[in-house]
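K.L.:
Protein chains in written order, with my numbering: chain A, 1 to 263; chain B, 1 to 263.
Please note that a few of the clues may not be correct.
No distinction is drawn between identical chains; accordingly, a pair holds when it is met within one copy or between any pair of copies.
Straight-line alpha carbon distances no greater than 30 angstroms define the calculated BS3-like cross-link-like pairs of lysine-lysine that follow [what the hints assert, rightly or not]: (1) 155 to 190; (2) 107 to 211; (3) 154 to 172; (4) 190 to 154; (5) 172 to 239; (6) 253 to 239.
For the record, the hints were derived by calculation from the structure and aren't laboratory data. The model shown is predicted, which means the values in this text are computed figures rather than measured ones.
Protein chains: 2
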Amino acid sequence: MIGIFDSGLGGLTVAREVRRRLPDAAFLYLGDTARLPYGSKSPATIIRYAIQDAEFLIAHGATVLVVACNTVSSVAIPALREQFPTTPLFEVITPAVEAAVRTTRTKRIGVIGTRATMASGIYETMIHEQAPRATVVTHACPLLVPLIEEGWQKKPETGLVLRRYLSPLKAKTIDTLILGCTHYPLLRTKIQRRMGRSVHLIDPAVETVKKLAASLANVPATQWQGITQHYFFTDVTEKTTELARAWLGESVKLESAQVGPND
Amino acid sequence: MIGIFDSGLGGLTVAREVRRRLPDAAFLYLGDTARLPYGSKSPATIIRYAIQDAEFLIAHGATVLVVACNTVSSVAIPALREQFPTTPLFEVITPAVEAAVRTTRTKRIGVIGTRATMASGIYETMIHEQAPRATVVTHACPLLVPLIEEGWQKKPETGLVLRRYLSPLKAKTIDTLILGCTHYPLLRTKIQRRMGRSVHLIDPAVETVKKLAASLANVPATQWQGITQHYFFTDVTEKTTELARAWLGESVKLESAQVGPND
Numbered sequence: 001m002i003g004i005f006d007s008g009l010g011g012l013t014v015a016r017e018v019r020r021r022l023p024d025a026a027f028l029y030l031g032d033t034a035r036l037p038y039g040s041k042s043p044a045t046i047i048r049y050a051i052q053d054a055e056f057l058i059a060h061g062a063t064v065l066v067v068a069c070n071t072v073s074s075v076a077i078p079a080l081r082e083q084f085p086t087t088p089l090f091e092v093i094t095p096a097v098e099a100a101v102r103t104t105r106t107k108r109i110g111v112i113g114t115r116a117t118m119a120s121g122i123y124e125t126m127i128h129e130q131a132p133r134a135t136v137v138t139h140a141c142p143l144l145v146p147l148i149e150e151g152w153q154k155k156p157e158t159g160l161v162l163r164r165y166l167s168p169l170k171a172k173t174i175d176t177l178i179l180g181c182t183h184y185p186l187l188r189t190k191i192q193r194r195m196g197r198s199v200h201l202i203d204p205a206v207e208t209v210k211k212l213a214a215s216l217a218n219v220p221a222t223q224w225q226g227i228t229q230h231y232f233f234t235d236v237t238e239k240t241t242e243l244a245r246a247w248l249g250e251s252v253k254l255e256s257a258q259v260g261p262n263d
Numbered sequence: 001m002i003g004i005f006d007s008g009l010g011g012l013t014v015a016r017e018v019r020r021r022l023p024d025a026a027f028l029y030l031g032d033t034a035r036l037p038y039g040s041k042s043p044a045t046i047i048r049y050a051i052q053d054a055e056f057l058i059a060h061g062a063t064v065l066v067v068a069c070n071t072v073s074s075v076a077i078p079a080l081r082e083q084f085p086t087t088p089l090f091e092v093i094t095p096a097v098e099a100a101v102r103t104t105r106t107k108r109i110g111v112i113g114t115r116a117t118m119a120s121g122i123y124e125t126m127i128h129e130q131a132p133r134a135t136v137v138t139h140a141c142p143l144l145v146p147l148i149e150e151g152w153q154k155k156p157e158t159g160l161v162l163r164r165y166l167s168p169l170k171a172k173t174i175d176t177l178i179l180g181c182t183h184y185p186l187l188r189t190k191i192q193r194r195m196g197r198s199v200h201l202i203d204p205a206v207e208t209v210k211k212l213a214a215s216l217a218n219v220p221a222t223q224w225q226g227i228t229q230h231y232f233f234t235d236v237t238e239k240t241t242e243l244a245r246a247w248l249g250e251s252v253k254l255e256s257a258q259v260g261p262n263d
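Isolated chain A (complex conformation) (with noise of 0.2 angstroms):
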């Protein structure tokens, strides 16, 4: 069974996308509303919650584990392989890397999220690991998670947020965006506006799920195939369950989870 957790709703994109591609698959989600946002925490919070998360997944059943949250998979994915090490784990950074370096052809490549990814360096690095000469040009967007959970979209607030955001990216002409933050593909069209048509867009979860795809064709079905999907909050409130059947396309049961010792 597939485990996939994240600091809160923005992974509901990564398990929208499994839905769609894989569709009979068997999945459980965590979403860590109760001490979300992990992005503005310190690597050592964000390592103990990780581990807790992944733990509660494993106890109720979880065999593979993605993490969808960009900040999660930026700072704690060496400590969740030493704590799981013989339990499969896919992460969101390196599919996006990999997209972005196919995609781009003038080797400028931007990246948008949270202030915790940003600072962890961890996306200019395994960009230059595979394209050492590409001009990686980062900013972090803080702002953008509340104004998306605020259901802001398409708010003129959002558009001039994004425009100061999204300035400095532009003015280095790069030809490829990397949405490093779950929520912003929820931003995409006005993003992709600001920015230019030529500007790629590219999106974690999709390519997250490509390879997890890639990477069950040669699993039995057996094992991961089925019909449980639950979905797990820490936290569960009114806004909660709204914005989870806005991102989902439908109403499904929100489930309490009690994480960590104490949670």
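Assemble chain B onto chain A, guided by the hints.
P.N.:
Chain B alone, transformed into the frame defined by chain A:
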């Protein structure tokens, strides 16, 4: 010793006011930055966190508790009183309501705050207890905290978001507005400009510390004066340090805290 706690940094506006009005007070501050924000979470989760925060402060020597957070003050006070029946507890709602009722001439009072504070309905209830015929207009403003924490107080985007949030309050011609979240006094100038000079702004931090000072006037100085001042945070990043310095007007040592069984 006074123990002040908040979901994060916002309560420093209360700590600053304590230092200004009670310069000889010994106090501990706790900001739960590892789990912030509280304002978008459910009452059950907020209550659990608040009890753990209070336990930490009491274990470190606090004998009086100041709940600097409007969100905690609006949903967790009965639970805190039940859990810590012998510890004097100051919250920020009552003093703010009393000040607003004293101040208003037209009995048209506005309140802004987090989603959880507004959903609790506590401001309406308490204002109506003291002024049954008052008209109370409330509005949740979830984006203001992220904007302030991004350091965007003076950016035009913040002005536009404020305009959207405050327009319904302005339309209802209130004459008094409670800034029902510890962060909001940091936007005081912009809020005052938007609402107009005739609208009185009530800062719960100022009112709460007035009340605390009046209460301490009857307590022997040896029981609360001293040189101890500690600033504990459950997660410390560069941003925490930078904002703490900016809001307190000086550098203080930020100490790491473990709150709750696993934190």
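K.L.:
As a check of your reading, is residue 107 near residue 211 (CA-CA no more than 30 angstroms) within one copy, between copies, both or neither?
P.N.:
For residue 107 and residue 211, only the intra-copy Cα distance (23 angstroms) is at most 30 angstroms; the inter-copy one is 62 angstroms.
K.L.:
One pair to classify: residue 172 and residue 239, alpha carbons no more than 30 angstroms apart. Within, between, both, or neither?
P.N.:
between (38 angstroms within a copy, 26 angstroms between copies)
K.L.:
Are the CA atoms of residue 155 and residue 190 at most 30 angstroms apart within a copy, between copies, both, or neither?
P.N.:
Both: 10 angstroms inside a chain and 21 angstroms across chains, each within 30 angstroms.
K.L.:
If the cutoff is 30 angstroms on CA atoms, where do residue 190 and residue 154 land: within, between, both or neither? Let me know, please.
P.N.:
Close inside one copy (8 angstroms) and across copies (24 angstroms); limit 30 angstroms.
K.L.:
Pop the pair residue 253 and residue 239 into one bin, within, between, both or neither, using alpha-carbon distances up to 30 angstroms.
P.N.:
within (14 angstroms within a copy, 37 angstroms between copies)
K.L.:
Should residue 154 paired with residue 172 be assigned to within, between, both, or neither, using CA atoms and 30 angstroms as the limit?
P.N.:
both (26 angstroms within a copy, 26 angstroms between copies)
The structure meets every hint from the earlier list without exception.
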